[in-house]
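Enquirer: Here is how the chains run, residue by residue.
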Amino acid sequence: MSAKQREGHQQGEREGKHRGSPARDSMVPEAEFESYYGRQIVKPAPWEHDIAYYLFTGGVAAGSAILGTGAELTGRPGLSRVARAGSLVGLLSSVFFLIHDLGRPSRFLNMMRVVKLTSPMSVGTWLLALHGPFAGLASVGEVLRVLPQRWQRGPLGLALKLSRPAGIVAAATAPPVAAYTAVLLSDTATPAWHDAYKELPYVFCGSAAAASGGLGLIGAPLHEAGPARAFAVGGALVELVVEHKMEESMGLSAETLHTGTAGKWMKAAKVLTIAGAAGAVLGRRSRALSVLSGAALMAGSLSTRLGVFEAGLASARDPKYTVVPQRERVAAGNPVRYEG
Amino acid sequence: MIGRNSLFGPVDPAADAGYDDHPKRKGFFTDTSVCIGCKACEVACKEWNDVPENLFEMLGTSYDNSHSLNANQWRHVAFVERPAKPPVDLGMPSMGPGGVAVDAVTQQTEVAGSAEDMDFRWLMSSDVCKHCTHAACLDVCPTGSLFRSEFGTVVVQDEICNGCGYCVAACPYGVIDRRKGPDGADNIGIAQKCTLCYDRLTEDQVPACAKACPTESILFGDVEELRQTANDRVARLHEQGVMDARLYGNDPEDGVGGTGAFFLLLDEPEVYGLPPDPVVTTKDLPAMFNRAGMAALALLAGGVVSFLGRKR
Numbered sequence: 001m002s003a004k005q006r007e008g009h010q011q012g013e014r015e016g017k018h019r020g021s022p023a024r025d026s027m028v029p030e031a032e033f034e035s036y037y038g039r040q041i042v043k044p045a046p047w048e049h050d051i052a053y054y055l056f057t058g059g060v061a062a063g064s065a066i067l068g069t070g071a072e073l074t075g076r077p078g079l080s081r082v083a084r085a086g087s088l089v090g091l092l093s094s095v096f097f098l099i100h101d102l103g104r105p106s107r108f109l110n111m112m113r114v115v116k117l118t119s120p121m122s123v124g125t126w127l128l129a130l131h132g133p134f135a136g137l138a139s140v141g142e143v144l145r146v147l148p149q150r151w152q153r154g155p156l157g158l159a160l161k162l163s164r165p166a167g168i169v170a171a172a173t174a175p176p177v178a179a180y181t182a183v184l185l186s187d188t189a190t191p192a193w194h195d196a197y198k199e200l201p202y203v204f205c206g207s208a209a210a211a212s213g214g215l216g217l218i219g220a221p222l223h224e225a226g227p228a229r230a231f232a233v234g235g236a237l238v239e240l241v242v243e244h245k246m247e248e249s250m251g252l253s254a255e256t257l258h259t260g261t262a263g264k265w266m267k268a269a270k271v272l273t274i275a276g277a278a279g280a281v282l283g284r285r286s287r288a289l290s291v292l293s294g295a296a297l298m299a300g301s302l303s304t305r306l307g308v309f310e311a312g313l314a315s316a317r318d319p320k321y322t323v324v325p326q327r328e329r330v331a332a333g334n335p336v337r338y339e340g
Numbered sequence: 341m342i343g344r345n346s347l348f349g350p351v352d353p354a355a356d357a358g359y360d361d362h363p364k365r366k367g368f369f370t371d372t373s374v375c376i377g378c379k380a381c382e383v384a385c386k387e388w389n390d391v392p393e394n395l396f397e398m399l400g401t402s403y404d405n406s407h408s409l410n411a412n413q414w415r416h417v418a419f420v421e422r423p424a425k426p427p428v429d430l431g432m433p434s435m436g437p438g439g440v441a442v443d444a445v446t447q448q449t450e451v452a453g454s455a456e457d458m459d460f461r462w463l464m465s466s467d468v469c470k471h472c473t474h475a476a477c478l479d480v481c482p483t484g485s486l487f488r489s490e491f492g493t494v495v496v497q498d499e500i501c502n503g504c505g506y507c508v509a510a511c512p513y514g515v516i517d518r519r520k521g522p523d524g525a526d527n528i529g530i531a532q533k534c535t536l537c538y539d540r541l542t543e544d545q546v547p548a549c550a551k552a553c554p555t556e557s558i559l560f561g562d563v564e565e566l567r568q569t570a571n572d573r574v575a576r577l578h579e580q581g582v583m584d585a586r587l588y589g590n591d592p593e594d595g596v597g598g599t600g601a602f603f604l605l606l607d608e609p610e611v612y613g614l615p616p617d618p619v620v621t622t623k624d625l626p627a628m629f630n631r632a633g634m635a636a637l638a639l640l641a642g643g644v645v646s647f648l649g650r651k652r
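Which chain is which? The protein sequence lines are A and B, in order. Going by the working numbering, the letters in the first sequence line up with residues 1 to 340, in that order. Going by the working numbering, the letters in the second sequence line up with residues 341 to 652, in that order.
What the hints contain is simulated information worked out from the structure, not anything from laboratory work. Careful, some of the hints might be misleading.
[Claimed, not checked] Examples of chain B residues toward chain A, derived with CB under 10 angstroms:
| no. | residue |
| --- | --- |
| 1 | Tyr359 |
| 2 | Cys504 |
| 3 | Ala509 |
| 4 | Met583 |
[What the hints assert, rightly or not] With a straight-line Cα cutoff of 30 angstroms, these simulated DSSO-like cross-link-like pairs (lysine-lysine) come out:
| no. | chain 1 | residue 1 | chain 2 | residue 2 |
| --- | --- | --- | --- | --- |
| 5 | A | Lys198 | A | Lys270 |
| 6 | A | Lys161 | A | Lys198 |
| 7 | B | Lys623 | A | Lys245 |
| 8 | B | Lys551 | A | Lys198 |
| 9 | B | Lys551 | B | Lys520 |
| 10 | B | Lys364 | B | Lys551 |
Predicted, not measured: the structure shown is a model, and the values here were computed from it. Glycine included, C-beta positions come from ideal geometry on N, C-alpha and C.
Here chain A stands alone, though its shape is the one from the complex (with noise of 0.2 angstroms):
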């Protein structure tokens, strides 16, 4: 903040009257709207990054189940082998940050007392609880498959046999775990996140499938690659069409995606994100440029994630994003009203 602009918030606190944060970038008018020395009435959600790197991880082990699956049964086990393993550890690494990110984590069970369906994350858990013991099962039978024919017997070769069934499971549960993630964000009073509510669970989707697409770019040879670039590039396409979608019909709130640390992710993951999706369509015959497309798109996804987990704590911040809207809606006269 500059002396300036610093001199005018101050001159706008003492008054009542706020402009807001500077919005550098954006088109859209400074509102004026008033408010308590300009501090914030929502509270940002207490969350560090980790739930951003679990909504990525999540979504790549979603994905990556999928895929897992289809290449198995289409008999690609090149690509079999590196989705079941991007599904694997996506799934671990999610469960992970989700419990760092409790301000408790000794106290993860308690997640389990109660199944709710009016709170997102206990749906969540459930979910990840239901998908994740099938795709554990069908990610093992992958490295089963490699041991020697002696060692496949007994409950090993048991859980050989089951994975296969275990992988179709996964595949069946595996898109709500990359959807109810936009849900969990939106269920807040956090601007952003509840503006983006219809658009949020397809960007997230398509998040999903760009990044374990370019998982499968990455680790599947050439010839055993192409549903997995099919699978990237489509995410890709579809995460950036909606998104332009979504900043259409959020509003005011749309204005975080565009400025301060949201704004830089958001720009790095539609540079990424397009970048990726050219480079899988034209990198064809290429390794080389099959591995950078496949990067390029996973680093979009995760990009998209953080622009997204920043903009809503950049709108909770700011009462701007909680009163004007409200205030408009009042305006045109049409407060929330129970109606029958």
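Here the structure of chain A is known, so what remains is to put chain B in place on it, guided by the hints.
Expert: For chain B alone, kept in the frame of chain A given last:
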């Protein structure tokens, strides 16, 4: 479960939570027009509930030294400095020094001192957890740590909360928070907020803040009766020409189904740090899950399509 608990609209929260037999809904009516900013409520709350110290620093912008409602501040008195409004001319005989007794409000908001030497007025307001009819914090809690009491209030169970912080982001009023310190305090890392003195209510006692309030700015009682009291009070203030008086949170058909703790304000809610027209976020939850379900199906379809029509 979604069918059993309504997500929006006027309901009796205790009955909605499954209490067949329960006392009348209890709550606060905080009449800020008689608040003198003494902070007795803040202190009484801390004393009774053993709430550790908050950071005591002047804000620099006002005389508010307790900052906000948070894990260590379950009652918060806001000090709002506002430009003075010209006194409303009621065509009544003016009241000079030694005139007849004037109503506390008229005195405080309009003629404290003489109008000429005051270019501002003070608004003081003791804020607290709203104990919403539809409480987002309670809805989103994944552990069941937050529960609806038989009095229709919302309470955190310290020993069950796992500190996930979801309630913090979900509250449309920014009330509940995770306790960060000070070192050595109980319950660090878990969510904390006003319990409406649950322990006192079970013993037929008045909550500590209401008990300590010297001006009866904080009234405690049955929500239904308090709403009547509040309506009468606003009508009276309007009669006296205080046209800025308005109720906030008393309407059972508003975005959160009305709050158990509601307020009489003398200016727009946002001036006191309150959202103008808050909505419980779970109102949109069915739509959110529907959208997520569609997106999930699209993801699965995308996966299938990626493998279709491809030769190896």
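Enquirer: Each of the hints needs a verdict: does it hold here or not?
Expert: Checked hints:
| no. | hint | verdict |
| --- | --- | --- |
| 1 | Tyr359 | violated (18 angstroms) |
| 2 | Cys504 | holds (5 angstroms) |
| 3 | Ala509 | holds (4 angstroms) |
| 4 | Met583 | violated (18 angstroms) |
| 5 | A/Lys198 to A/Lys270 | holds (20 angstroms) |
| 6 | A/Lys161 to A/Lys198 | violated (41 angstroms) |
| 7 | B/Lys623 to A/Lys245 | holds (23 angstroms) |
| 8 | B/Lys551 to A/Lys198 | violated (46 angstroms) |
| 9 | B/Lys551 to B/Lys520 | holds (28 angstroms) |
| 10 | B/Lys364 to B/Lys551 | holds (19 angstroms) |
Checked against the numbered hints above, the structure breaks hints 1, 4, 6, 8 and satisfies the rest.
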